[in-house]
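As you go down the protein sequences, you meet chains A and B in turn. Going by the working numbering, the first residue of the first sequence is number 8, and it counts up by one from there. Going by the working numbering, the first residue of the second sequence is number 8, and it counts up by one from there.
The hints are simulated quantities; they were obtained by calculation from the structure and are not laboratory data. Check before you lean on any hint, since a few could be wrong.
[Stated by the list, open to error] Per the computed footprint, the stretches of chain A lying under chain B, defined by three or more beta-carbons under 8 Å from a beta-carbon of chain B, are: (1) 13-22; (2) 31-38; (3) 50-56; (4) 193-202; (5) 244-254; (6) 279-288.
[Said to hold, decoys possible] Anything over 12 Å on all C-beta distances counts as not near chain A; from chain B, calculated: (7) E54; (8) Q59; (9) A81; (10) A99; (11) G105; (12) R146; (13) D158; (14) H176; (15) N194; (16) K275; (17) R289; (18) D290; (19) R291; (20) A321; (21) G338; (22) F381.
[As the list claims (entries may be wrong)] Per label pair, the in silico range of CB-to-CB distance: (23) B:L313 <-> A:A61: 45 to 55 Å; (24) B:P215 <-> A:G256: 53 to 63 Å; (25) B:P215 <-> A:D309: 38 to 48 Å; (26) B:G256 <-> A:S80: 21 to 31 Å; (27) B:D198 <-> A:D274: 15 to 25 Å; (28) A:D274 <-> B:G256: 38 to 48 Å; (29) A:D274 <-> B:P344: 21 to 31 Å; (30) B:G338 <-> A:V132: 32 to 42 Å; (31) A:S80 <-> B:P379: 16 to 26 Å; (32) A:G373 <-> B:S232: 31 to 41 Å; (33) B:P364 <-> A:R308: 44 to 54 Å; (34) A:V132 <-> B:A273: 43 to 53 Å.
Since this is a predicted model, take the numbers as computed values, not measurements. The beta-carbon is built from N, C-alpha and C at its ideal position, and this holds for glycine as well.
The residues making up each chain are set out below.
Number of protein chains: 2
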Amino acid sequence: MELYALPTPAAIVDEVRLSRNLARMQARMDALGVKFRPHVKTAKCVEIARRQQALGAYAITVSTLKEAHEFFSAGFGDILYAVAIAPSKLPAVEDLVGRGCDLKIIVDSIEGAQAIVARRRAASVRFKVLIEIDTDGHRSGVKPEEARLLDIGHALAAGGCELLGVMTHAGSSYDCSTPEALRAIANQERDLCVLAGRRLRDAGLPCPIVSVGSTPTALSAEDLSGVTEVRAGVYVFFDLFMAGVGVCGIDDIALSVLTTVIGHQADKGWAIVDAGWMALSRDRSTQNQAIDQGYGLVCDRDGVALDDYIMTGANQEHGIIGRRDGAPDPGVSARFPIGTVLRVLPNHACATGAQYPEYHALRADGTLQTWPRFSGW
Amino acid sequence: MELYALPTPAAIVDEVRLSRNLARMQARMDALGVKFRPHVKTAKCVEIARRQQALGAYAITVSTLKEAHEFFSAGFGDILYAVAIAPSKLPAVEDLVGRGCDLKIIVDSIEGAQAIVARRRAASVRFKVLIEIDTDGHRSGVKPEEARLLDIGHALAAGGCELLGVMTHAGSSYDCSTPEALRAIANQERDLCVLAGRRLRDAGLPCPIVSVGSTPTALSAEDLSGVTEVRAGVYVFFDLFMAGVGVCGIDDIALSVLTTVIGHQADKGWAIVDAGWMALSRDRSTQNQAIDQGYGLVCDRDGVALDDYIMTGANQEHGIIGRRDGAPDPGVSARFPIGTVLRVLPNHACATGAQYPEYHALRADGTLQTWPRFSGW
């Protein structure tokens, strides 16, 4: 089947761009001398994770136990579940570990550590645990200088868990937009996570893993001394938000939504398409960046960006395509006749990909492959 | 299984509230003397559509051909696909009609009508078509006074299609917040759609169906003379946005996301939960209403709203629970200890429901049933 014959809306992956993005990140990791543990939460697609592995990724990061199950079933053994463990999820972790999955969990509180230790007493397996470090006040984690960092470490070690080290995610890197700011947050992420690891070791606790990362910091770091592994996810596809941060160009964005023009409001200069927020997601994260891309940047069906046109509004299954400057386009009906096939680049690839059960991978020769993806918890 | 033992995040449907919402709408339709064609795009759940049918709904509305396929397979025959038909989707429509589905499509342009007629020439079936009317400048449709309304009607009739009438959706009702404004838009939706139908009839064209609706107008209309059927979708669950519009109370909201506390940032007064925007959706539509509910309103595990607490921020799999007024809550760790199970009411039920493969329906006696739902196109 050819691209233009796919039922719309559909999620299209430009395989040439994808391959370039994968190679770029692995080359950086190799140059920085760190191991790479890509976050598979963006694509949730075994085919893509296998390509990351083939290029050199040694392990994976997941955001849900569903991802852990699916990727373990597909042959991925070393998995970091990078969300502080809910005590009620420990039986499921135990089950996966008991079946041979090298699943690592994280914790950032005494209470959480105590819950793991309590479960450990009755468990048939040993839990492998990293402590989450807060390196930028973004969300979760223990600050590296806090006394409870050591308390958590000692509680885990004394309780029969395997303390594997520290991990952090400097999510505030998403708020940056200059190379200088990105380098600064990458350095901060490294420094504070390495500091936390040193404090553990100085207290006689093990810390073989020092894990950092986000797509912006991974692509901006210049020296990762003391770090053993890096995690990054959205770089596989990139998106308009990452272009706004400055770590990719528009023509690096590998995910787009194929859509068909179904109508016009000529007096308003609108074309109406059959992809609304259900197809793009409700993500409007470029709203607070220098360039607001609406619900997405419009491209022709070959993926060439039409810079003046964005999805200015979206209902559940309707998208409104209009001029970026808000001026009515008197020629909109002739420019985008009914039946015209367009592609829309998303604000946030993780959110947009999640709306689809599969990707249509478009190869350099124009042929398509179907790559399943999954969702849920 | 009991509610608190479900893996989180999970989508919970309060069956008592659901039943009350279903009964309320059908009673209104009966009182207004119109047939009811609920929009099944909100729940995408056969179990719920069967309950609507049992209460008196005579047909359904869908937003995708996937919904048409799924509901036709489940025994629903009379289906209105309420998005202007893309010409490339006509073969799929033909297939469904050929298999016995009483599928109706809509169009709002001469070009669209010509595409249907062109396809009709080669088709083995007759297409049943309604013309979409623009009654509020919201999105799509032909204005009732436009000459092309009759041109479209004549083109369809002359081309061998079965012209069934007119339909409209006054989506701008979502911007209302007073009973007066809601009644006014309901009257406008009725008047302009009835006018369009009258123009068709005056021109000698058939118009057996005059279809209007949105949840706010359906619940606000006082007289629907000339209207034959009403459509509404989100009323099954309601949501925080509809509460902001004023057509339901917080305690009518039947959909919530079950989540578990996994950590705290005590100095910021935050509790971190395992439901982020993947679990709630990226919908922030209450942002522009009088009461901004963040990513959702926090309830205890029994569904009782904790009015001072909302989800103030969300990452992919992390939600931040904090005080609505932004003040740090020094007692947050004691108030919501790790492992605490909470429920979060969503801004927009259509967007939140779409993130899940199933609902857990909580019955009055506390037992749970699993109701599958589907997604995709």
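Going through the hints against the structure:
Here the stretch 13-22 of chain A counts 4 residues with a CB under 8 Å from a CB of chain B, which clears the bar of 3, and the coverage holds. Proximity of the stretch 31-38 of chain A to chain B, defined as three or more residues with a beta carbon under 8 Å from a beta carbon of that chain, is not established by the 0 residues found. Requiring three or more residues with a Cβ within less than 8 Å of a Cβ of chain B, the coverage given for the stretch 50-56 of chain A is violated, as only 0 such residues are present. Evaluation of the coverage hint for the stretch 193-202 of chain A: breached, as 0 residues show C-beta separations to chain B shorter than 8 Å, against a requirement of three.
Evaluation of the coverage hint for the stretch 244-254 of chain A: breached, as 0 residues show C-beta separations to chain B shorter than 8 Å, against a requirement of three. Remark: the stretch 279-288 of chain A is confirmed as covered by chain B, as 6 of its residues place a Cβ nearer than 8 Å to a Cβ of that chain, reaching the required three. Every CB of chain A lies more than 12 Å from the CB of E54 (chain B), the least distance being 19 Å, so the non-interface label holds. Taking the minimum C-beta to C-beta distance to chain A, about 18 Å, the non-interface status of Q59 (chain B) holds against the 12 Å cut.
The beta carbon of A81 (chain B) sits about 19 Å from the closest Cβ of chain A, which is more than 12 Å, so the claim that it is off the interface holds. Separation of A99 (chain B) from chain A is inadequate, the least Cβ-Cβ distance of about 7 Å not exceeding the 12 Å criterion. Interface exclusion of G105 (chain B) from chain A stands, the closest Cβ pair being 18 Å apart, more than 12 Å. With a closest Cβ-Cβ approach of about 6 Å to chain A, R146 (chain B) is found to fall inside the 12 Å limit, against its non-interface label.
A cut-off of 12 Å between C-beta atoms confirms that D158 (chain B) is not in contact with chain A; the least separation is 14 Å. Chain A draws H176 (chain B) into its interface by the beta-carbon criterion, the shortest separation being 9 Å against a cut-off of 12 Å. Taking the minimum C-beta to C-beta distance to chain A, about 22 Å, the non-interface status of N194 (chain B) holds against the 12 Å cut. Residue-level check failed: K275 (chain B) sits 8 Å from the nearest beta carbon of chain A, not beyond 12 Å.
Not every CB of chain A lies more than 12 Å from the CB of R289 (chain B), the least distance being 4 Å, so the non-interface label is violated. The beta carbon of D290 (chain B) sits about 4 Å from the closest Cβ of chain A, which is not more than 12 Å, so the claim that it is off the interface is violated. With a minimum CB-CB distance of about 7 Å to chain A, R291 (chain B) fails to clear the 12 Å threshold, and the non-interface call is violated. At roughly 10 Å, the least C-beta separation between A321 (chain B) and chain A is not larger than 12 Å, which violates its mark as non-interface.
Against the 12 Å criterion, G338 (chain B) stays outside the reach of chain A, whose nearest CB is about 15 Å from its own CB. Not every beta carbon of chain A lies more than 12 Å from that of F381 (chain B), the smallest distance being close to 10 Å; the non-interface claim is violated. Taking the beta carbon of each, L313 (chain B) and A61 (chain A) are about 49 Å apart, inside 45 to 55 Å as hinted. Between P215 (chain B) and G256 (chain A) the C-beta distance comes to about 55 Å, which sits within the given range of 53 to 63 Å.
A hinted range of 38 to 48 Å holds for the C-beta pair P215 (chain B) and D309 (chain A), which are about 44 Å apart. The hint said 21 to 31 Å for the Cβ distance between G256 (chain B) and S80 (chain A), and at roughly 45 Å that hint is violated. Under the hint 15 to 25 Å, the C-beta atoms of D198 (chain B) and D274 (chain A), about 21 Å apart, fit the expected range. Between D274 (chain A) and G256 (chain B) the beta carbon distance is about 39 Å. The supplied range of 38 to 48 Å therefore holds.
Roughly 58 Å separates the CB atoms of D274 (chain A) and P344 (chain B), a value that falls outside the hinted 21 to 31 Å. Range check, G338 (chain B) to V132 (chain A): about 36 Å between beta-carbon atoms, so the 32 to 42 Å window is met. Our hint of 16 to 26 Å for S80 (chain A) and P379 (chain B) holds, since their Cβ atoms are close to 22 Å apart. Taking 31 to 41 Å as the suggested C-beta distance range, the pair G373 (chain A) and S232 (chain B) does not conform, at roughly 56 Å.
Here the CB-CB span from P364 (chain B) to R308 (chain A) is close to 31 Å, at odds with the stated 44 to 54 Å. The supplied range of 43 to 53 Å is broken by V132 (chain A) and A273 (chain B), whose beta-carbon atoms lie about 31 Å from each other.
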